[in-house]
Amino acid sequence: MSAAVVLNGILLGGLYGMSAMGLSLVFGVLRLVNMAHGAMLVLGAYLAVLITAGTPLPLPVAGACAVLLAGGLGYVLQRHLLTAMLVRGANGPLVATFGLSLIASGLVALRFGSDPVSIPTALGTAGWSLWGLDVRAAYAVSFALAGVVAVALHLTLSRTRLGAAVRAAAADPRTADLIGIDVRTLYALVFAVASALAALAGLLVGVAFSVSPQSGTSYLLIAMAVVVLGGIGNVLGTFAGAILLGVVQTLAAAQFGGGYRDLVVYILFFVVLAVLPRGLFGRRLT
Amino acid sequence: MQEDHVFNGDGREAPELIVRGLTKRFGGVTAVDDVGFRLPGGQALAVVGPNGAGKSTLLKLLAGAHTPTSGSIEFGGRRLERASARQVVRAGIALAHQIPRPFTGLTVWENVAIGAGARGRAAEEHIAAVIAECGLQDKMRRRAENLRLLDLKRLELARALSTRPRCILLDEVAAGLSGRELDEVIALIARISATGCGLVLVEHVEGVVQSLVDRVIVMDWGRIIAEGTPAQIAADATVRQVYLGDGARPRTAARETPPARSGPPLLRLEGVDLAYGDIPALRGVDLEVWPGEVVAVLGANGAGKSSLAAAISGAERVRSGSVRFGADDVTALPAYRRARRGIAHCPEGRRVFPALSVEENLKLALPLRMPAKEVAGRLEDVYAVFPALAEMRARRGGALSGGQQQMLAIGRALIGRPRLVVLDEISLGLAPVVIDGLYEAIEAIRSEGIAVVVVEQNVHRCLAVADRAYVLDRGVVSYAGDPAPLSDPRLLERLYFGSPREEALSP
Ligand SMILES: Nc1ncnc2c1ncn2[C@@H]1O[C@H](COP(=O)(O)OP(=O)(O)OP(=O)(O)O)[C@@H](O)[C@H]1O
Ligand SMILES: [Mg+2]
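Top to bottom, those sequences are chains C and H. Under full-length UniProt numbering, the letters of the first sequence match residues 1 to 286, in that order. Under full-length UniProt numbering, the letters of the second sequence match residues 1 to 507, in that order.
Hints listed in this document are in silico derivations from the structure and should not be mistaken for laboratory results. Just so you know, not all the hints are guaranteed correct.
[To be verified] Keeping only pairs whose Cα atoms sit at most 25 Å apart, straight-line, the calculated SDA-like set for lysine to any residue is:
id, chain 1, residue 1, chain 2, residue 2
1, H, 373, H, 331
2, H, 139, C, 123
3, H, 139, H, 125
4, H, 373, C, 161
5, H, 373, C, 155
6, H, 373, H, 387
7, H, 373, H, 336
8, H, 373, C, 271
9, H, 373, H, 385
10, H, 373, C, 89
11, H, 139, C, 158
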């Protein structure tokens, strides 16, 4: 039984990693704690529901549309609202994103009610047997996607010229501006990618479990714990931290019962903050 | 309160500093290689040498900021080579860093107070006295991130002094100063030294070394290559070759054919006002630059030279007036768009990205869409001007010596093949021989038809290459035109500090 629990914990960690990737990116590059990250995740799931219900598009296409829409929304928000506030200090955007998250969940609740919905698909219920262990297909797919995204993001940031420009704009926006880097557009691009990843995570959560207008908060907390674990702005660390959290949480739930799932997240969060403030794998970008 | 008390708290005699076989390796780089010397209590010693010779690393080793790979450091009979930076400070050694990194978010006062450690009335008086000595009394409540480079250097000095050192290590604290301010700093260091505090000085400006120490060590590639009095060193053939350069060479004569100033100017500033909060920095400045021209901008510290550079590049927005570049009004354009149109600005204080490699730093200034092959070619162009950078292309910007960072910043400004370059205090921290190379490079740039605006403290170097010169006095242009008359120091002094304010002299 234990091996199955660990394996499922690892795979659940993939889903958590996906949920945290955007938060980590925005935190690392923009030094902004995006309080609307959870809301964007929820919004992604509901957008997909809305599109599948209103159009004949198959779920994967509808999902892709939802992800792109979320990315566009993120771009506009950062470009036309948050960057201007960021220039004057980190508090403005913090409050603003919190406000945005309240508005978003309010709107979702108004349109869909506050009962949880899940995205019906064969993937949600399918399972495989891996080395004799039962595995949920939704978990496995999330894990694979999260791994690919983490590696791709890492390589883009560390190896490409675009990534160097993002790191420069994060470290010293004034000098970056001076040498011809369009800092505002880069910031908006980063926020757009983060929003799209949040929406993708929401989609996967909706397939694997269910979402409600309120679930944004708990995913925001999980994502924060993961980011703190993995090191701010360190995307590979985020992925690793997420796996760790997934395993610890699943083990705790198996040991003490499901009621302890969330408590474990908070305990891990505080222990890491107190003992290893730079996370398990150190800080990047900044 | 007596002066002695400010600098040398307890008045005890300074102990002897003995260094033996000191070596520091960073990976494959041997920055300091088997260095040894003795500094008897209270004496003064200068360390000079080319950029990247290992001078700053040596001082950091002495200050406990780096741990030596091997060798020993003895101060007053105590072994310090394994001591932490805090222990070294308590033993009485303090370092003023070449590249100041104060605590941002804290005021000047708070930054100094952290160094001083102690609390209470006596400590506060001491802090106030140190701040006053370093000329920061008017900026005590200002936050460190709002200081200009020269004040940052003063703050470094104040931080070092506040620990009541018995041996003080100064890494290029006088760089970028000239005239009165240079004399003031020299006098301050002389007073510190006269109290019996030991002194190790790293400085590229020959005059500073000569007036403060009687013994000089020359380093190259981490090793000591010569040792003697300042006069002996200045006469040493090897030192001239690797470090000083042939400063005796007559200055490049002004070009026979000044650039034809036909057609419209490339850059035209009209009535430019610039202010920081309610402190005005530029008032009604007019300036024109034609293609292929070198224009010098001179002025005392605080006259507004860097603000003028910032107004040109868009690093700061102007309050009123206009900036035209080519045929267009660029007053409203942000800096990055002006950069893309061909205005490059190499800012004061280097500002390289410490976490990015040398190569990444350079490539940042090129458009993302540029094909990889052309990018490689552009990199090679920069490496041809600064061969030292080619050898460390993969190294982090933050792991370069001060002078190497300066080369990187200049290379970054030139790599995009701008139509106009603004070079702000580029010779700061560079070895004389490298400055020679740099000014040759400026001439080469000009001959390609690129316009160059040079902001410099180093008046003579600058006037030698300039086609025209502007002098700023408290934000107002006090002279514009032929550089030749400015070689007269009395005229320059009058233009810098405008005895009674006269009508702006016309060319
Ligand atoms: N942390 C580091 N990692 C790798 N190399 C380093 C590091 N710090 C310094 N170096 C290298 O060691 C050499 C000596 O550097 P150092 O800063 O001591 O030179 P310097 O004599 O002070 O030069 P400058 O006059 O330019 O300030 C240089 O080649 C530099 O690139
Ligand atoms: Mg140095």
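Outcome of the hint check:
1. H:373 x H:331: violated (34 Å)
2. H:139 x C:123: This hinted pair is violated, its Cα atoms lying about 65 Å apart.
3. H:139 x H:125: At roughly 16 Å apart (the allowed maximum being 25 Å), residue 125 of chain H and residue 139 of chain H satisfy the hint.
4. H:373 x C:161: OK: residue 373 of chain H and residue 161 of chain C at ~14 Å, within 25 Å.
5. H:373 x C:155: holds (21 Å)
6. H:373 x H:387: holds (20 Å)
7. H:373 x H:336: holds (24 Å)
8. H:373 x C:271: violated (50 Å)
9. H:373 x H:385: Given that 25 Å is the threshold and the Cα spacing comes to 19 Å, the pair holds.
10. H:373 x C:89: Violated - the C-alpha atoms of residue 89 of chain C and residue 373 of chain H are around 41 Å apart, more than 25 Å.
11. H:139 x C:158: violated (40 Å)
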